[in-house]
Structure formats: structure tokens, C-alpha cells
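Colleague: Each chain, written out:
Number of protein chains: 2
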Amino acid sequence: MGSKNRSYNSLKKTELVVLVCIICLLTLPNISCQTQNTGMANVISERKAEEDHRQDSADLLIFIMLLTLTILTIWLFKHRRFRFLHETGLAMIYGLLVGVILRFGVHGQRDLNNVTLSCAMTSSPATILVNVSGQFYEYTLKGEVRDTDGQDVPDAEMLKKVTFDPEIFFNILLPPIIFHAGYSLKRRHFFRNLGSILSYAFVGTAISCIVIGLLLYGCVAFMKAVGQIQGDFFFTDCLFFGAIISATDPVTVLAIFNELKVDVDLYALLFGESVLNDAVAIVLSSSIIAYQPAGDNNHTFDGSAMLKSIGVFLVVFSGSFALGVITGVMTSLVTKFTKLHEFPLLETGLFFLMSWSTFLLAEACGFTGVVAVLFCGMTQAHYTYNNLSDESKDRTKQLFELLNFLAENFIFSYMGLTLFSFQYHVFNPLFILGAFLAVFLGRAANIYPLSFLLNLGRKNKISSNFQHVMMFSGLRGAMAFALAIRDTTTYARRMTFSSTLLIVFFTVWVCGGGTTQLLSFMNIRVGVDSDQDNPITGVDGIERRGVRHEGAWPFRMWHSFDHKYLKPFLTHSGPPLTTTLPTCCGPLARCLTTSQAYQSGGGLHDEDSELIGNEGMGSPMYTDTAISAVTRSSSSNHLYGPKVPSG
Amino acid sequence: MGSKNRSYNSLKKTELVVLVCIICLLTLPNISCQTQNTGMANVISERKAEEDHRQDSADLLIFIMLLTLTILTIWLFKHRRFRFLHETGLAMIYGLLVGVILRFGVHGQRDLNNVTLSCAMTSSPATILVNVSGQFYEYTLKGEVRDTDGQDVPDAEMLKKVTFDPEIFFNILLPPIIFHAGYSLKRRHFFRNLGSILSYAFVGTAISCIVIGLLLYGCVAFMKAVGQIQGDFFFTDCLFFGAIISATDPVTVLAIFNELKVDVDLYALLFGESVLNDAVAIVLSSSIIAYQPAGDNNHTFDGSAMLKSIGVFLVVFSGSFALGVITGVMTSLVTKFTKLHEFPLLETGLFFLMSWSTFLLAEACGFTGVVAVLFCGMTQAHYTYNNLSDESKDRTKQLFELLNFLAENFIFSYMGLTLFSFQYHVFNPLFILGAFLAVFLGRAANIYPLSFLLNLGRKNKISSNFQHVMMFSGLRGAMAFALAIRDTTTYARRMTFSSTLLIVFFTVWVCGGGTTQLLSFMNIRVGVDSDQDNPITGVDGIERRGVRHEGAWPFRMWHSFDHKYLKPFLTHSGPPLTTTLPTCCGPLARCLTTSQAYQSGGGLHDEDSELIGNEGMGSPMYTDTAISAVTRSSSSNHLYGPKVPSG
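Protein chains in written order, with full-length UniProt numbering: chain H, 1 to 647; chain U, 1 to 647.
Be careful, since some hints might not be right.
For identical chains, the list gives no copy identity; a pair is met inside one copy or between any two copies.
[Claimed, not checked] In the DSBU-like style, the derived pairs of lysine-lysine whose C-alpha atoms are separated by at most 35 Å in a straight line are: (1) LYS339 / LYS261; (2) LYS261 / LYS48; (3) LYS339 / LYS78.
These are calculated hints, taken from the structure and not from any lab test.
Could you build all of it, start to finish, from the sequences and the hints given here?
Modeller: Pasting the structure below:
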């Protein structure tokens, strides 16, 4: 809360008063609707539905107004050039305030309409028809109720009403955030550091998960010894905590990096790592849940179950990856071989629908939609983006930027609200202390050893300053929260959720708020022109310097294949297939090459080609339209500021 | 279906084969998921939820793929310059095909998990806790089941799964469509014909509702006499049908008008009428539902109940109107007095959230969200739009254009699907015939007498050709469907719904498909430059000619007030308040006038001022930036075509 007070200091007093008034007003609709709820003892279903709808509208209105307020305050902060508090931190603070008001300021009546039926049933079917004096009413199963006695939480009904189904995060709010991350990845710098990024994301996340799990298991064992724990907390719960808390969030730090124009390699490493480890963490956590040893005791070690879990991880991850790539490739083929780019609205609509269908397809097949959407976003940026008309390029970027912005701020303000509105918090000081320590050490065990190993192979070393920044910038955010809130039925999961919430608050406010100071303390060069990789400046000697590091042969091979065959096959850019395919495939190549590909220049230059050192390329003329355009996209990402003339 | 065959004739055969293949593929996910559904006799709640989620994803995927297919076919049609079938008609056809396949091609198993409890209960509470051998399960009330015996519909469960909650239309799909209509209204031509538009929308819709209601009541009485009706059908049901079917849909016809650049006044009359009568119809239908006479017999005439219904209409309509305008005005004030336009993303976000909050606010207060959203859209276009940065202008237009496009096509394809998937259709040939006749006569009773009366007062007469086109262009669409599907519990409502569906199909395919022919048959001038109202061409004599008609004093007064005080107060455009307010208000005026207002020119010209004949205006220099811009917006509305150089 330190940074909050600091930030308010220099705001005008009147502004503060207005903000407080608006916050109070925010809770009004809820109060008034609450009083209307009383006196309805025997509701008929239609009335009830109508009343519910009005209540739902009022609840959603609270969040919309919270977001509006956040936007206005962000503007005030940007206008006055604050950098201590990012918008997500701000959204959390507002959520927190509304949570406090709802918890302690508003008193609603308890809903006394619950009736306990004690019929002899041997199962819990999905639907029950209840016969009430001749008329049948349909009831659907909502879930098992664990606490029928009910904890003594004030206004439980009231708080329940501002609580969303956790699946909303996975099915509505996370997909646009993750897609946007994939779509706006700075691809050139990303591919340049691909090896390191993959190491951090896969090996690093696994290390972090195991280290945190082991440390916490020690902590829990100690707590059991001193009698500080009131429920079961198994090793799988510890590992689960390790998995969800290993998902770092790119939002806050990268927004500041973008504004300050921090070194592009550091940016690529951090962004790439945080984007990919979200995917790893989500699949990892579901694999841990899938770990179910045979026999009665669920919590002993079982080799075959462990193998099964690893199998689940591999299948789900590769399946989601494949689905994401396939829909991306399909979109690029459709946009290439139709003249859809004449109609930007249709093109944008198709792009949006295809990207959404990835998510649904993955979910329908039992894979992970969010992971599929990430790889779909990357494929769309790499291939489809080249085929879009200029207007569609703008439209798709702006659309997903807006969706990302709204979803992100919604999640963060909900997070703030949850600290007070969630009814089953288990705050255990010892466990929380242990969790903070474990998260710190887990991050350290991820970054430092891996960087040491990677530096052995890298020409462009990851300096120790960079390592410290990466260590410090491992904020936890939306993904950790969404994974933690998904299941809060057991004691262990509730403790996990409460601790995760505190870790998110701490990292966003303290680590996020201190980024600017850290960068200047670490002497990280800022003000680097992120447009340096456009075709014109890209050919000078200075840029060439850093371009070829990490040209390990798998990446070179992949890139050469991508440049020679995939790009020309899927997009209008790159060299025509007629020049890259063997002559025997001539007719096929001619059939697959569009007139734009021939028109796009006489030579063979491709921006990405710098990676593979022009092997097999003739003259440097084929410009890959995606590169500079996507770079523009990423640099405008999170930079809502007035356009600074670049270069 | 005639137009469909016609349209396919000139498509290549291969294209047709591909389309059919895709349609068959579309139903695959459903089939496969369906077979997985079998054999789950005793599901536990988590498994069930997971399975449900997968099924939901698969169902939604069908619609997404349907929309994708529609987009591709629209492109094909546009590419080959078809005008017989609009995209919405196409979406319906695809929905129809998938409905046929689901109904007759796919056979799922019945869900046998329903258990009928026969406990002694005196009420139907919202939540029941069921005690199954010590564990409590929570069930929520879904609604009353009328047909527990079940009609003999094949695969009822299967069809139920592709059925959405009707409230989705009102809460998710209609708001963006209606907002977009309000936001893209051609305001200048709209205001020029405001009196006529209001007459058609209010008086005309009321006439149409009553005429259709009376005719249908006669029809129903006849059917009762010959024993052709199997349930109750009261006069209120007839009036309800009249209200919902009076909502005309602007989509199809106006898209064609836009492409052909039809006379702007005709366009304004039709668009204005269809937009506003949606609002009138929705409030009218809810007032009719609210009509509940005292005593036991609900279907006698009761003066006080009737007065109450009229009161409901007035309160709901004016309340929704006021809420829409208030949020619009608030948005314009916020965008005027903050420098939010430096950050387009924040500005767009705020705009979106404020517009959405109108809907939620209206719903929470018991007014009609869709109506509020319409007037909010108009206010945003009239005031807020002037304050937005150029990038935000583009972003907001494009965002709502896309949302409108997707929502519209979704509704229309769902409509097609519903013809076969809805389980309680009551197709009564006599009633349907009566309904078609009543709709035709109701439309005639709206257009011709009103036009005659209006022509008495108008300088620029509405010619008989225009009247015929307006008569013919009264298509029924999304709003009529959404209102009809909202309640399908009684026999009368089911018959209403089935007939509405057929009327929508007929008008969209036949009337929509014949628009081009009608226009040429009626000698309506096409190719009118819709940009004629930009400041440069607007000052020539030809344009002036039509400009001042309908300058009745209420409109003149309103316009003068708007131009002199409201516009300068709410936006950066118009004359500075310092020049229009009396000198005694000098300090206030200076405080409310931003530097942009002073900078925007030295004179007082405002595009809208042509309406009121320059009274009180000095030199023609203050350009109202909104006019030409919004005109651009409307003209690009539905015109996804290649940019035709205008003028």
C-alpha cells in the first residue's frame, strides 16, 4: 500500500475527494437493489429471474464503473507522469476499496429461501424435476456444497453476488489477453533468443515448480510439527502451488520497459519467458491434478501415475500447440487464396472468428484453449498478418489491444475485490512467509543457474545486470490468480489461493512499482529505439552485430525452411516458391504462388534472413512486410501515450 | 428458397461441392461429442461440468464455423457481384441447413438421468439442497416444466443443446446492433426529416400494432368458429404479435441502399423509422405484457389497467431515453474536460465502458437497456464523437461495426437453425395466412395514411414512389425474432413465434432480394453522392434546395438551442459559449469553453445550421467536425466493398 499513498500525495485534494465520492456512489446500486430483495418469501420463477437479472446488471455495473474509474485515474497518472503505480496495480487498489465497502459497509438480508430436501436418493443426477402440488419445476445441479453449516461470514449472500464463476476467467477473460500476447510478440527478437526463452520457459518453470513445491513441503511439515495447520496439505498441493505461482505476468514490467525503451534483448527474454511460461504453468498444473496413484492412498509416490502425468503434460501441450498452429495456418491460407482483403470488415471478422474457434476447438477436444490461443496468435502474427489488408492489420491490432486492456483491468480489479469478498480465505502467517520465501528462491533457482548454462553457449551473454532484472521482474498476475481461484474447495486450495493473492499484490505493487528505480540502479540502457529492426536501419553495421548470436543449427534449419517454403506457401511475402522449390515441383509452385509474391520485388531479401546469415539467398530485395509492421504493433502495445517520434 | 437457388446457379460447381462438404463437417464435432455422452449413468458433478463445458464449446463452435462459412460465401457473392441475397439471408440459409442436419441426420441418446422427486413442498424455492447419503448437493431452479410428458420430438436433448437462452439476444447480441444503428445514424438527414421519422416510428408503429392486432383477432375468432385452433389466443396475444412484428429491420435493405447510393432522404426516412420503431416496439410489447386487469378474468377490457399500460409505456420509454442521453452527455463531458484524447486506447475503452454501462444501468433500474443504448449511441454520435481523437473515432466506429456484423449474422443464422431445432413450433396454416395478410395491411395502414398527412405539412413531399418503397422495405428481422423467442411457454406465444419466423424468412428473402429490382421499377434515383453534405459541396445551390424543408418551429427551436448552448457546452465544436451566452454569464462561459473551441475558427458556421436557416449565425466558419465524419461512418456502414472514389 506504500506506493498508493506515495502516488496520491501529489494529486490535487479535490481530485481525491471526487474519486472517493465516485467510489461511494459505486456501491449505491447494490444497496438499493438489495433492499428490494427483501420480503420476497415465495417467489415465482419469472419474478425471480427478472430480479436476478436486475441484480446481475447492478453487479456488473459496479465493475464497469470501477474500470471507468481506473481509466480516468490512469489518465491522470499518465498526464502527471507517475510511474510508481501501473494501471493494473491501480485497478487492484480500487477493487480493494470496493471490497472493503461491500464487506463492512453494506448489510443485506440473508436469503432464507433455501430448503433442504432429505429424500432418499442414491445419486446426484444433473437435473431434478420437483413436483410441487402437481406442477413440475426443473432444477439443475450446481455442485456439491461442502459447508452446509456455513461459516460466520457477514453478509455471505451479498458477497456471493459479486463473485463470478471462476471459469469466466478461463473462457472469457484470459483468451484475449493470451492471444494478444502471442499476436504482439516482437517476433524478430523473440526468434533471435528462442533457445534461451524456451529454456527459461520450460526448464526454468519446471525447476521453479519443483523448488517451490519442495520448500513448501518442508514448510508444511514444520507447521504440522508445531500444530499450525488445520487441514490436509499434501505434496501434490505443494507442487500445484509451485506450478501456478511459476506463471509470471508480462503486463506491468513490460509496459514500463516499453515506455522507457529498454534494451530489446532483455525485453524479448522477459516477454518471451512470461508468455510461454503461462502456457507451461497451466498445462503443468492440470498434469499435477491428473496425478492420481492407484490404490486407496492418493498421496503416495507412484511411478506409473507419475509417468501418466508426464504423458498428460506432453499430450495436452503438444495437442494444444498443434491446434493453435493449424487454425493459424488455415486462416493464412484462406486469407491468401481469397481476395478477402478487399473487404476489411469481412477479413477482420474471419480473423476474429478463426482465432476464437481455436479456443473452442481445443476445449471441445479436451486440450487447453488458452495454450492453443497463444500459439494461434503467434502463427497469425507470423503468417496471416502478411496477407491482411492495411486496414485489417490496424483493426485486428486495435481490437485485441482493447480486449486485452479491458480483460486485464477487469481481472486485476476483481483480484482486489476478492481479497475482501471471498468467503473462505485461509490466511496462515507461517505458510504465507514460507510461500514468499519459496517463490523468491524458486525464481532465483530458475534464473541464475539457467543463465549461467545459457551463457556458456551464447555469444551475446546475458549480463548479471540483466539476470538481476529478470529475477526481480518475475511478477505474478492474472494467470496465477485464475489458476488459483479455479478450485477453492479444499483447505489446501484455499490456503493456496489466499497466499497467491498476497504474492500477486506484493509483486505488482512493490516489484512493479520499483522497476524504474531498479533499471537506473542496474545501469540498464534505456531509450533504445525499438524500430531499429526496420529494413532501412536494419542493414547498418551496428544492427548486424547482435543479429547472429544464437544461430544454433536447429534454429537455422527451422528458419531456412520457414523462409524458403512455409512463408511463401502461406503468405504473399518471402521469395516465390517457383524460385525455392526444386524445378520438378514447378507446376505446383506456380499454382501456389500469387501474383503479389512476384510483384513484391525482384530479389530475395527477407528481414528474418539476417538470422540465418543469408545462406542460399540472392539479392536482398524481398521485404517481409510482417516484420516492420508487427514491430510497430508491439511498440504501440501498452504505449497509449502520445506518439513519440521514433529515431 | 427461390432466391437461394437462383444465387447458386452461377457459382462454380466445385465451389458448391466445397461448401456442402464444409456444412457436413460442421456437424461432426457434435456427432463425436454426442457419442461420448453415452454411458454416463452416474456422473459426479465435476465430470459433468467438464463434459458440459466441452459440449458447450462444441456447440458454440458450430455457430462460429457457420459464421466463418457465411463470411466466405459473402465474399464470394460480393466478389461475383450478386445482389439477390444479402449476407443475413445467407446466414439464415446456412443455419437452416445445419438445423436440418441436426434434426434429421444426427441421432443422440436421450439423457436418462432425470429423476422426478415427489416431495411434499408448498413452494418452488430458488435453490434446493438435496441430501444424498450425507452429502449435500445444491440445485438451482431452472424454471417450470410444462410438458413433462414430452412431445414426440426426435432427439429432443440433442436439439436442446444448440438452443440458447433467449435472454442472450437481449443482453449480448442486440445491444451492439442497436448501439451501432444509433451511432451510425446519418444525423443531418435524420434531423432534417425528424418530424416524419417520429411520426412513422411512434404513430405508425401504434397504428400498425393495433391494425395487426385487430385483424388477427378477427382471424382467430374465425378459426375458433371453424375449430382450427387448439388453445387460448386472447386479444392481448394478438396485440403482442402486432407489437413485435411492427419492428422493422434496417439491415438488408439499407445495405443495398448504401451500395447503390439511393436518395438520401429516402434512406434517412427508412433508417430513422426502422431504428426508432425497434425501440417503440420493444417498449410497446412490454407494456402489453404489463396489461393485467383486476379480477379473475385476465382478458376483459379494464380501463384502469389500460391506463396503467400506457403509463408503463411512457415511463419506461422516457426513463430509458433519459438514461441513454445522460450517459452519453456524461461521456462527452468527460472526454471534453480531460485530455484523454492523448491516449486513444484509454479513450476507446472509456467510450466502450460508458456505452455498456448505459445498458446495465437501464436494466438495473427496470428500464429497457436496448432502448437506452440506442439513444446513448445517438448522443455519443452527436456530441462525444466531436471530442474524440481521430484514432479513437476510427477505433470506435470499427469496433462497433465489427460487433454489429458478428451479432447480426449470429442472430440470423440462429434464426435459420431455429426453424428446425425449436421443439415447440405451432404451424397453423390459417393463422400464418392471416398473419401475412395482417402484416401487409398493417404496414400499408402505417405508411400511406401517414405519408398523406405528412405531405400536407412537408415542403419536400414524400412521393408515391418513395411510399411504395417504404411499404415494401418493411423487412422484419433480429428485433422481431428476439421479442418473439423471449417467451414461448403458452400455445399463443408458440404460434406467434413460428409465424414470426416465417414472416422474417419471407421478408428477408423475397423483399430483401427484390430491392434492386424494385428500385429500378420505381425509378428511384440511385448513385446519389452521400458525401454531398460535406462543407464544400454543401454550399452549392442544389443542396440548399432540399435543406430547409420541415423547419417546423419546435425543431428550429431545439436546433438553435442545441447549436448555441449544448454543442459548445458538451463538445469542442460549435461557437464558443462566450459568444452565445449573455454577457452576465461571462466567467462561466469562459470556464466551460476550451482552447480548441476558440481555435476551431473565427466564424460561426455549423453544418447543422443549414437546418435553421442561419438565424443568429454570423460567418460560416465554425465547422462541426462530426458531420462529415459521421457521414463517412454511415456510408462505410455495410459497405465492405473496395473503396469507390466518391463524387
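Colleague: Taking the hints in turn, state whether each one holds.
Modeller: Consistency of the hints with the structure:
1. LYS339 / LYS261: between (38 Å within a copy, 24 Å between copies)
2. LYS261 / LYS48: neither (54 Å within a copy, 49 Å between copies)
3. LYS339 / LYS78: The answer is between: 10 Å across copies meets 35 Å, while 42 Å in one copy does not.
Checked against the numbered hints given earlier, this structure breaks only hint 2.
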